[in-house]
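Each chain is listed here by its residues.
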Amino acid sequence: MTTDARPAEQWDAWSCGNGVSRLFGLADDLDRAYQRLAVTTAALADWRGSAAERARDRIRVAAARVSGLAGLVRRAADAIRTGLPGIAEAARLATAPAQTFAEAQDAAALAASVDARIATGLATAGAPPAPAIPPRSATPAEVARWWIALPPHLRRQLMDRQAAALGRLAGLPADVRDEANRRQLTRLLARLRAERDRLAGSLPTIPLQLARTAIVRSMLTIAESVERTLAALTGRRPPARLLTLDLAGTGRVAIGLGDVDQAQNVAVLVPGMGDDAGHGVPGTVGRAVDLLAEASRQSAQSTAVVAWVGYAAPGWRQVPFPTRARSGGRMLTSDLATLAAARTGEPAHVTLIGHSYGSTVVGAAMQAGPRRADDLVLLGSPGVLADRVGQLGLSGRHTYVGEAALDPIADTGVFGADPGDGGFGATRIRVDAAPGRPWPDRLLAAHSQYFDPGSESLRNIALVVVGRGSDVTAPGAAPGATS
Amino acid sequence: MPELYVEPQTLADAGRTLATERSVLSDVADALAPALGVVAAALPGSRTAVAAGHTATTLTAAVRAAAAELDQLARTVTAAARDYRVVEQTTAAGIERDGRAAT
Numbered sequence: 135m136t137t138d139a140r141p142a143e144q145w146d147a148w149s150c151g152n153g154v155s156r157l158f159g160l161a162d163d164l165d166r167a168y169q170r171l172a173v174t175t176a177a178l179a180d181w182r183g184s185a186a187e188r189a190r191d192r193i194r195v196a197a198a199r200v201s202g203l204a205g206l207v208r209r210a211a212d213a214i215r216t217g218l219p220g221i222a223e224a225a226r227l228a229t230a231p232a233q234t235f236a237e238a239q240d241a242a243a244l245a246a247s248v249d250a251r252i253a254t255g256l257a258t259a260g261a262p263p264a265p266a267i268p269p270r271s272a273t274p275a276e277v278a279r280w281w282i283a284l285p286p287h288l289r290r291q292l293m294d295r296q297a298a299a300l301g302r303l304a305g306l307p308a309d310v311r312d313e314a315n316r317r318q319l320t321r322l323l324a325r326l327r328a329e330r331d332r333l334a335g336s337l338p339t340i341p342l343q344l345a346r347t348a349i350v351r352s353m354l355t356i357a358e359s360v361e362r363t364l365a366a367l368t369g370r371r372p373p374a375r376l377l378t379l380d381l382a383g384t385g386r387v388a389i390g391l392g393d394v395d396q397a398q399n400v401a402v403l404v405p406g407m408g409d410d411a412g413h414g415v416p417g418t419v420g421r422a423v424d425l426l427a428e429a430s431r432q433s434a435q436s437t438a439v440v441a442w443v444g445y446a447a448p449g450w451r452q453v454p455f456p457t458r459a460r461s462g463g464r465m466l467t468s469d470l471a472t473l474a475a476a477r478t479g480e481p482a483h484v485t486l487i488g489h490s491y492g493s494t495v496v497g498a499a500m501q502a503g504p505r506r507a508d509d510l511v512l513l514g515s516p517g518v519l520a521d522r523v524g525q526l527g528l529s530g531r532h533t534y535v536g537e538a539a540l541d542p543i544a545d546t547g548v549f550g551a552d553p554g555d556g557g558f559g560a561t562r563i564r565v566d567a568a569p570g571r572p573w574p575d576r577l578l579a580a581h582s583q584y585f586d587p588g589s590e591s592l593r594n595i596a597l598v599v600v601g602r603g604s605d606v607t608a609p610g611a612a613p614g615a616t617s
Numbered sequence: 002m003p004e005l006y007v008e009p010q011t012l013a014d015a016g017r018t019l020a021t022e023r024s025v026l027s028d029v030a031d032a033l034a035p036a037l038g039v040v041a042a043a044l045p046g047s048r049t050a051v052a053a054g055h056t057a058t059t060l061t062a063a064v065r066a067a068a069a070e071l072d073q074l075a076r077t078v079t080a081a082a083r084d085y086r087v088v089e090q091t092t093a094a095g096i097e098r099d100g101r102a103a104t
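In order, the protein sequences belong to chains F and G.
Each residue of the first sequence is one higher than the one before, counting from 135 in the working numbering.
Each residue of the second sequence is one higher than the one before, counting from 2 in the working numbering.
Since the hints were made in silico from the structure, they are not lab data.
You may find that some hints are simply not true.
[As the list claims (entries may be wrong)] Where chain F lies over chain G, by a calculated footprint (3+ residues, C-beta under 8 Å):
hint, region
1, 25 to 32
2, 36 to 44
3, 59 to 73
4, 76 to 87
Computed from a predicted model, the values in this text were never measured in an experiment.
Positions of the beta carbon are idealized from the N, C-alpha and C atoms, including for glycine.
Build the full structure now, drawing on both the sequences and the hints.
Now the structure itself:
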């Protein structure tokens with residue numbers, strides 16, 4: 135391998151990124167040209183005769199060719215884009231002063247390696263794309279790259295024929311997963327309603343039939359809950375995106391508000407006991423709507439909020455145990471990796487907000503894998519499976535705890551130390567309920583008032599989400615000015 | 002005479018779209034080399050710069066070939082629209098003439 139670092143001294147990652155942006159723009163132009171040609175082919179559907187068939191065939195082939203070119207240009211752009219961080223680092227090392235010989239050699243090796251990887255990527259960008267859906271073993275990053283390179287006509291074919299598989303594929307852009315999951319939801323609703331009616335017409339006598347009826351009822355409960363929630367969000371700005379839809383078992387649902395692929399701040403709301411996919415979707419989405427509105431008031435930065443009803447939230451029987459928090463933590467870690475892989479620009483500032491048992495899930499996620507969040511907000515927490523904030527991989531300045539005075543769950547410390555305890559090391563935030571909430575209600579619902587619109591609590595959560603954690607108010611401090 | 006099942010106007014619109022997209026592709030072909038040139042210029046002395054040059058040549062040729070195909074299609078479809086319109090007008094005039102003769 136070469137040890138000559140001199141070329142890298144002159145490398146300019148910023149200009150290179152400019153070239154990449156222009157290439158992606160040209161790929162978009164070709165995409166749109168393909169879409170218009172596809173519409174034109176459809177408009178000629180009524181034209182009959184041999185001339186018509188030949189003309190339509192030729193236009194169809196030409197459209198597919200344009201689509202293929204869009205894929206080629208995008209793949210070339212992506213081959214360079216993935217090397218941009220390496221280029222920047224190689225240039226930085228090559229120009230760093232006072233290097234030892236070994237450091238200079240390392241810098242040269244890095245430059246050569248990045249260079250070779252991009253050059254190879256460009257050389258292979260002309261190979262035919264792989265139209266088949268990647269295997270389950272593919273990482274979200276691999277899936278994201280596969281989709282980027284896929285020509286639009288093949289994307290359309292897959293969406294028409296394999297929407298269910300696309301909806302489950304981690305690493306795809308949010309709008310693609312949304313379209314795939316909505317199609318799948320429509321299909322499943324029709325199938326489940328037909329099955330429910332069929333079963334209702336017969337008397338369930340054997341255990342198998344009873345079990346089947348229960349499964350259909352459970353799946354339909356989740357699907358109809360999602361259907362109603364999405365219907366209520368129709369026409370909203372920003373639009374809602376159905377990021378996850380899985381009706382098996384207790385189900386998994388995630389609905390994003392805002393552009394999770396582009397937004398500067400992404401918050402993920404993790405609900406607690408009782409809020410599984412069959413029961414927790416409307417409430418969690420409602421809290422996400424209120425949080426997004428408050429975040430928009432607190433900052434001009436773009437923000438997206440994900441209502442993550444993505445784990446088997448416990449009922450009364452399971453809630454004393456951390457089993458579901460641990461499995462939920464693994465799922466949350468995996469979904470956060472998915473969100474990160476689908477992003478096309480800078481990484482987002484990510485905040486995980488866990489309420490009640492959801493905070494235990496957040497704690498488990500932070501200890502389950504590589505760090506995926508920049509800030510944590512733990513509300514009414516019975517513990518996060520840790521005794522000190524350091525075990526969560528973040529400092530106390532990035533871990534915020536809210537405990538309402540009369541919340542019976544906070545302070546219990548069932549799962550590790552009480553995060554609100556001074557020894558834990560987190561930052562306490564003031565979580566007063568909204569001024570309009572009546573006192574009896576404050577007493578009875580102290581555990582569920584954290585997201586009240588207009589409350590000091592919601593304001594403080596939103597400040598953390600938009601990266602203004604230093605502006606939160608502490609318990610006992612004067613309330614901040616709610617804008 | 003066989004039925005056409007297509008409005009000549011629909012064909013004319015299709016011809017116009019094909020011509021427009023040909024123009025889009027020509028613009029893309031013109032812009033590819035400069036965009037990849039930016040990449041090459043940003044990475045002097047690299048293998049990537051050389052590969053970017055090759056990629057520019059290959060992609061530009063492919064896009065130009067596709068543009069040429071669209072150009073030919075645009076001409077053919079536009080000509081067909083014109084021909085069908087002539088047939089329609091001639092037929093309409095003939096029917097009107099026959100009608101006058103019959104009365």
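Ascending list of hint numbers which this structure does not respect: none
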